[in-house]
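Trainee: Residues per chain, in single letters:
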Amino acid sequence: MNRRRLILSAAGVGLAATGLAGPAGALVTPAPTPTDDDLAYANFGLAAEFLLQDFYGQVERAKLVTGTTVREIKRGGFNAAEHAFALEQLLKGAAQTAAVRDDFDFTWPDGTFATKKQALATGLTLVETLLGVYLRAAAVVTVQSYRGLYASMAANLGQQAAALSEQSGGRIVGISFAPALELKTASDVLEAYLG
Amino acid sequence: MSAQRPSRFVGAAVAAVLACALALSGTAAGRSQAGPLTIYAAASLTGVFNTYDGSEKYSFAGSNVLETQIKQGAPADIFASASPANTQRLYASGLVDKPVTFTANRLALIVPKSNPAGLKSVYDLRSVSVKLVVAGAAVPVGGYTRTVLKKMGLSSVLSKVVSQESDVKAVTSKVALGQADAGFVYVTDARAVSDQVTLIRIPAWAQPRVRYEIAVVSKSPNKSAAQSWIKGILSTKGQTALSHAGFLPIPKASS
Numbered sequence: 001m002n003r004r005r006l007i008l009s010a011a012g013v014g015l016a017a018t019g020l021a022g023p024a025g026a027l028v029t030p031a032p033t034p035t036d037d038d039l040a041y042a043n044f045g046l047a048a049e050f051l052l053q054d055f056y057g058q059v060e061r062a063k064l065v066t067g068t069t070v071r072e073i074k075r076g077g078f079n080a081a082e083h084a085f086a087l088e089q090l091l092k093g094a095a096q097t098a099a100v101r102d103d104f105d106f107t108w109p110d111g112t113f114a115t116k117k118q119a120l121a122t123g124l125t126l127v128e129t130l131l132g133v134y135l136r137a138a139a140v141v142t143v144q145s146y147r148g149l150y151a152s153m154a155a156n157l158g159q160q161a162a163a164l165s166e167q168s169g170g171r172i173v174g175i176s177f178a179p180a181l182e183l184k185t186a187s188d189v190l191e192a193y194l195g
Numbered sequence: 001m002s003a004q005r006p007s008r009f010v011g012a013a014v015a016a017v018l019a020c021a022l023a024l025s026g027t028a029a030g031r032s033q034a035g036p037l038t039i040y041a042a043a044s045l046t047g048v049f050n051t052y053d054g055s056e057k058y059s060f061a062g063s064n065v066l067e068t069q070i071k072q073g074a075p076a077d078i079f080a081s082a083s084p085a086n087t088q089r090l091y092a093s094g095l096v097d098k099p100v101t102f103t104a105n106r107l108a109l110i111v112p113k114s115n116p117a118g119l120k121s122v123y124d125l126r127s128v129s130v131k132l133v134v135a136g137a138a139v140p141v142g143g144y145t146r147t148v149l150k151k152m153g154l155s156s157v158l159s160k161v162v163s164q165e166s167d168v169k170a171v172t173s174k175v176a177l178g179q180a181d182a183g184f185v186y187v188t189d190a191r192a193v194s195d196q197v198t199l200i201r202i203p204a205w206a207q208p209r210v211r212y213e214i215a216v217v218s219k220s221p222n223k224s225a226a227q228s229w230i231k232g233i234l235s236t237k238g239q240t241a242l243s244h245a246g247f248l249p250i251p252k253a254s255s
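The listed protein sequences derive, respectively, from chains A and B.
Under the numbering used here, the first residue of the first sequence is numbered 1, with each subsequent residue one higher.
Under the numbering used here, the first residue of the second sequence is numbered 1, with each subsequent residue one higher.
This is chain B alone, in the form it adopts within the complex (with noise of 0.2 Å):
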């Protein structure tokens, strides 16, 4: 019986270590793999991303600061876009796999609760006296902007933006704690703080084709659960935690 011991202990230590090692492997992408992984995602994705899968190791900042330093040799394992541009930069230099569109989004204006200009729609722009704060030409909600305007034929409104943000998050909160009278994000930045801004419509016909991508890196060490990742967003429960937090579904001229 004494003898016995020793090896019902190790048994039960044995079981403790795999059962912990399933826990911490079972994210919601239901992969199996050791440690999190990288993932280098838009700034827009922040919410979304850290509901979906609390687990992994996210790098949130505008899309095109995320290309640089992937392009610099960052080690991520995924890179989420919000512009198709930077990802088929990337692929185009054999530095990500085929990237795939995994969801859409909407532009917005949002002006703080107490509206200190009376804007009340896209066209007050330019008739009104006011701080416009937009993201820069290189960021995809920059870039997205000026199209929106250049549709709206708006573009002379540009003369009155005081500050050019680095990603949405800054646009968002330079708004909501009124510090601009105006800024252009998108819909799900909007409603994260639908309590501190006012959204007003961008119209449909002047929306810009605003798709995300996502890829893994080719160097990541981890393709294979990162690919698992990739399949986990685009699966039901990814595309189902995205329309939760506002964003579109995977548009039809995509897939």
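With the rest of the complex left out, here is chain A (with noise of 0.2 Å):
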């Protein structure tokens, strides 16, 4: 089983696309349409793992950090990839068009890497908001197999914070219950990045 293969199957959007789903890929019934909701999360999710993306390579960029740290870093924008290509994926599998990168014109504020404290702060801004709409999604979407997805990049995404949060001086582990978020409540959030 190649790389991509795996990240779906693990994710069950290989398997929600075909229909296929079960022990062994065996044919069972077809898989639930999707909802519009359902959806938007996918929407949402996407524009926002190019922008991690983006952000995790002009902190690498910006050499604001350096030894293992580095290493966190490049994995955050690899995680971010990955999510980002899993998400692509069930948005053609429910038929839909799926932004690219190049859709975006990502705007970061004045400062946001001049300064290790200040980057990544931004970077977790970014971390928990998306955190907190996976869990959202993970809780409410209609199609089983994406709240998996939704549920196992959440679990990413509270690493990818546990490390931001230790690089910038603060607890590893946080609150016991991370908050879910509204898509709006989220998109007011990051519109100030995605241009």
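Please keep in mind that the hints were generated in silico from the structure rather than gathered at the bench.
Treat each hint with caution, since some may be false.
Derived lysine to aspartate or glutamate pairs resembling EDC-like cross-links, with alpha carbons at most 16 Å apart [said to hold, decoys possible]:
#	chain 1	residue 1	chain 2	residue 2
1	A	Lys184	B	Asp124
2	A	Lys92	A	Asp36
3	B	Lys252	A	Asp102
4	B	Lys120	A	Asp188
5	B	Lys252	A	Asp103
6	A	Lys116	A	Glu166
7	B	Lys252	A	Asp105
8	A	Lys184	A	Glu60
9	B	Lys252	B	Asp124
10	B	Lys150	A	Asp37
11	A	Lys116	A	Asp36
12	B	Lys150	A	Asp102
13	B	Lys223	B	Asp97
Using the hints, put the two standalone chains together into the complex.
Mentor: Below is the structure:
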């Protein structure tokens, strides 16, 4: 199994898109049709993952971090790219046109990458916002396999938040119950960066 | 001496005619051709095309309507569409030459200055009682509107539509005149009536890919002049005119 297929099957996206689900790809009932609400989370998530990927790239290029932190930043960028790929496949599987990276002109406020502290604070805002959206999506989307994908990505974003928090002098382990966010709230937070 | 007078007069007359001809042909595109070109263009291009080059003969309407007219043999030289779908269909049928992308745009929600429905966000369309006006699904801006609503999980607000218009100008006008509480238009149309409406942004993640394409009509008797005109709109001068009107540069993915 190649890496792409592994990502998709782990997230259940490929199976949902093809209507094949269950052990060993046995043919079962067709995948349920996702609602507009289900896909709104994917559309937002895809844009936000492109943004996050750009953020990690900017941090790396600005040489704001050193040592093991560089590895964590690279890993964060890699995770964002894999999430974006999974969401793109989810949207294509639902016959929607997925956004591409070039659809956005990301806007970073002046000074975002001037210091390590400022950059990591911005990164934490992005990651925690997206985590909140995925937590909400994992609870409310109607397609079972999508819930698995959102829960899986939320777990990874929790790790990214821990790494960014630690590097900026905060706690590694945060609050017990991270808040789920409404799409509108998250959209308002990220709009300033999405251009 | 007297024998020279007529020839001096003829020379002056010829010079005057030439000067006149040169003046007439001195359009914004800098080409030389007798008579104006006939340009069929999306309604959203009305202001910018007239400003860029007021010497041509324009027909502005919904791109879907113009596409149908060209299919029926309308005598256009150039077709500029608000959606690649219209130009690409004509290209596939051999009715236009290969289209090129020449600009882009964004969608916005507009409300009258008085904002009777109290809208502050696109999401508010779900919760409030509102008279919404949109363009028909076949019109590019109507298709883009439905894409935005689908991306945001708001397709249900289409049940609040009180009128489906034939082009973006009609949507803009209804909202500007207070005949509707809100409408989806291009950002450039909203700018044109900014004293009458308030613009509500649509998030970048929910924006459709609004691309404008332009092509020479295959049966045009003025192909060379039409190609020059298209070169002009793609030039720095043309792109500056579009930019001043609020249009976006040619997207990276299209260039």
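Trainee: Does A/Lys184 pair with B/Asp124 here, judged by a C-alpha cut-off of 16 Å?
Mentor: 10 Å, holds
Trainee: Going straight from one Cα to the other, do B/Lys252 and A/Asp105 come out at no more than 16 Å?
Mentor: Holds, at about 11 Å.
Trainee: Given the hint that B/Lys252 pairs with A/Asp103, test it: the Cα-Cα distance must not exceed 16 Å.
Mentor: Given that 16 Å is the threshold and the Cα spacing comes to 8 Å, the pair holds.
Trainee: Quick one, are B/Lys223 and B/Asp97 close enough, alpha carbons at most 16 Å?
Mentor: 10 Å, holds
Trainee: Does A/Asp36 lie within 16 Å of A/Lys92 when you go C-alpha to C-alpha?
Mentor: Between A/Lys92 and A/Asp36 the Cα gap is close to 14 Å, so the pair holds against 16 Å.
Trainee: Compare the distance between the alpha carbons of B/Lys120 and A/Asp188 with 16 Å, and conclude whether the hinted pair is satisfied.
Mentor: Given pair B/Lys120, A/Asp188 holds - Cα atoms ~12 Å apart, limit 16 Å.
Trainee: Under the criterion that the straight-line Cα-Cα distance not exceed 16 Å, is the pair A/Lys184, A/Glu60 satisfied?
Mentor: 30 Å, violated
Trainee: Given the hint that B/Lys150 pairs with A/Asp37, test it: the Cα-Cα distance must not exceed 16 Å.
Mentor: Holds: B/Lys150 and A/Asp37 sit about 8 Å apart, inside 16 Å.
Trainee: What's the verdict on A/Lys116 and A/Glu166, does the C-alpha distance respect the 16 Å limit or exceed it?
Mentor: Answer holds: A/Lys116 to A/Glu166 is near 12 Å, not above 16 Å.
Trainee: Would you mind confirming whether the straight-line C-alpha gap from B/Lys252 to B/Asp124 stays at or under 16 Å?
Mentor: 33 Å, violated
Trainee: Given the proposed pairing of A/Lys116 with A/Asp36, does the C-alpha separation stay at or below 16 Å?
Mentor: 39 Å, violated
Trainee: Compare the distance between the alpha carbons of B/Lys252 and A/Asp102 with 16 Å, and conclude whether the hinted pair is satisfied.
Mentor: It holds: about 7 Å lies between the C-alpha atoms, which stays within 16 Å.
The earlier numbered hints that this structure contradicts are 8, 9, 11, 12.
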